[in-house]
Amino acid sequence: MSKVVFENLTKVYSNGFKAVHGINLEIEDGEFLVVIGPSGCAKSTTLRMLAGLESVTGGSISIGGKVVNGLPPKDRGIAMVFQNYALYPHMSVRENLGFGLKLAKVSKADIEKQVNEAAELLELTPLLDRLPRQLSGGQAQRVAVGRAIVKRPQVFLFDEPLSNLDAKLRASMRVRISDLHKTLKKTNRSATSVYVTHDQTEAMTMGDRICVMKDGHIMQVDTPANLYKYPKNLFVAGFIGAPEMNMVETRLDRTGEGKCHLALSSQMLGLPDEKLQRVLTNFTEDVVFGIRPEFIKLADENSPQDEIIKGTIVRMENMGAEFYVHFTVEDRELCTRVPSDVVEAKLLDSIGKEQRFHFEMSNAHIFDKKTEMNISL
Amino acid sequence: MNKVFPNKAALSADLKNNPTLRAEIRKQRVGASIRYIILLFFGLVMLYPLFWMFSAAFKPNHEIFSSLSLWPKEFSLDGFINGWNTGTEYTFGRFFLNTLYYVVPKVILTVISSVIVAYGFARFDIPFKKFWFVTLVATILLPTSVLLIPQYLMFREMGMLDSYLPLYLPMAFATQGFFVFMLIQFLRGLPTDMEEAAQIDGCNSYQLLWYIVVPMLKPAIISVALFQFMWSVNDFLGPLIYISSVEKYPIALALKLSIDVTEGTQWNEILAMASIAIVPSIVVFLIAQNYFVEGISSGGVKG
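Order-wise, the sequence lines are chains R and X.
The opening position of the first sequence corresponds to residue 10 in our numbering, with each subsequent residue numbered one higher.
The opening position of the second sequence corresponds to residue 518 in our numbering, with each subsequent residue numbered one higher.
FYI, nobody ran anything at the bench for these hints, they're computed from the structure.
Treat the hints with care, since some could be wrong.
Simulated pairs of lysine-lysine, DSSO-like, Cα-Cα distance not exceeding 30 Å [as the list claims (entries may be wrong)]:
1) X/K590 to R/K83
2) R/K27 to X/K647
3) R/K83 to X/K735
4) R/K114 to X/K735
5) R/K238 to R/K319
Just some of the chain R residues that point at chain X, by a computed CB distance under 8 Å [said to hold, decoys possible]:
6) A60
7) G79
8) G86
9) M89
10) P98
11) H99
12) G109
13) L112
14) S116
15) A118
Which bits of chain X does chain R cover? Going by a derived footprint, with three or more residues having C-beta under 8 Å, they are [what the hints assert, rightly or not]:
16) 681-687
17) 711-717
18) 727-734
Everything numeric in this text was worked out from a predicted model, so none of it was measured.
Here a beta-carbon is modelled for each residue, glycine too, at the ideal position from N, C-alpha and C.
Isolated chain R, as found in the complex (with noise of 0.2 Å):
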């Protein structure tokens, strides 16, 4: 049993700087989680808490049952791979995969065999005799990873661990260690892993749950695909979903006895039954329109009345497979994701001309203005 719960965990700097604001977060058994947010959202603050590099101020963090606030980090079960690989430079690969385990007093026969172990995991055989400083990038970030793997830890954690590698190496290290960690619970190893990134795409391929964290505070814990379809609040919106959802403020009208509509500029857009039941209950006035580009169509004859809004598209990016269109409403510019295809049937030399477009309001979101929640979940 590795599970990871933090209670109330508050992490105050010495200069008075509060970093994390007493999170409670509990982390099963073999679970991937990844923690993401922008810089300084101390999600690395909260990882080497975790990891006993940093002393916590407030609540507690145990793993496996036990709490660990006051051990030291060679006692908490848990090996970590560090952003700049962190590897001992005058020491081969062999050494540095075995150190932890020779440290631990394990006999040389089976730190050998554990060794070769991890490096045939991650085919780093035929490098176990260089030194740091003749290996690449990737390879490096290999032997990171080996070196936590060997000793078998409770727990994994990951320090943005990619973001010095280049795009092409990073997409196909991120399949890997996803893969080791499916492996690693194959074979019934305790595979609990914590993973902290900015990128995004690393959050919803890699992880069973993301945990998005802002200013020290966790704004949503959920699964990516939970997540993308229902951000909890403002925040989580905007960070999780590339190119972004559109978002206008706005105001919504109550329109007659359990009716509303949203206004967007002139236009009206009315709302779902399921939808407005919940915007009803948890009424206000400001609020923010929420909506993904993909959820945004070319308008035709099956669209429903209430749900059309005519604007003017003013740029047209390609992406290959599909068109960012964007376009605006009056005042407000939002965006839309076209198939190429359709592109060419419809929008040709569409740019500076009235379109109609279909909103589909059963995927939209409505956030109240002043607490930034979704009120329409």
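Fit chain X to the supplied structure of chain R, relying on the hints for placement.
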């Protein structure tokens, strides 16, 4: 000038057809020559005394001050032979060994104590750390002569006079602030990630120091050892104060000895022994020079 020339022939053809390019190259060559001539000149001026010492060591005594030539007219090894035998009952080899008896412990103790103290300053939260650091820097600025008398009295009370202990014992307590400061600056320039990784791997503070910090500090440590070695070999004042019996004299005092005891000073002997005396420093420097230069530069720049 940024043009890429496919081969030499094309280059010379291009040069022929391009007077401005030719003039430019000529200008650069002339400039370089002037620079090198100036450097060479000053280099020779600096090295002249050294050359003079070496050459004079091979001259008979009467020729040393009568001729400016670096090349001896009468080549003689008498300086070396007589110098080595010295005017005392000991040979110069004895003084060499004496020097090593206090220089080696001094270097070792300096390295160990300075590294530990620097590690503490650079990596740990000590109460009033700033105050202690300022104190450390202040000791660098303190003139050595201020400490001479109190230190002498202290060692006299401890009964350590006429032994090498007063020369190296203080080094066991990181008393040379300059070395500690140099190592701190070097350590501050090193990323802490490796140390954190090692902590997670299971190192305690001492293992961290031994397995991770010391190997990374190697260039700086070699610089410290080298400086300490050269300064200690050259130290005259320390041995002069604390060593009184001739059998314990180090080189620095032994050289002076030859001037004292004979009436007409045998300059060729002194210069011959001086030439030999600098050999260890030069050899040690040459062996360690790569690390030494790296140590000074990174110690200074990265701080």
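May I ask which of the numbered hints given earlier this structure violates, with the numbers listed in increasing order? 1, 7, 8, 14, 15, 16
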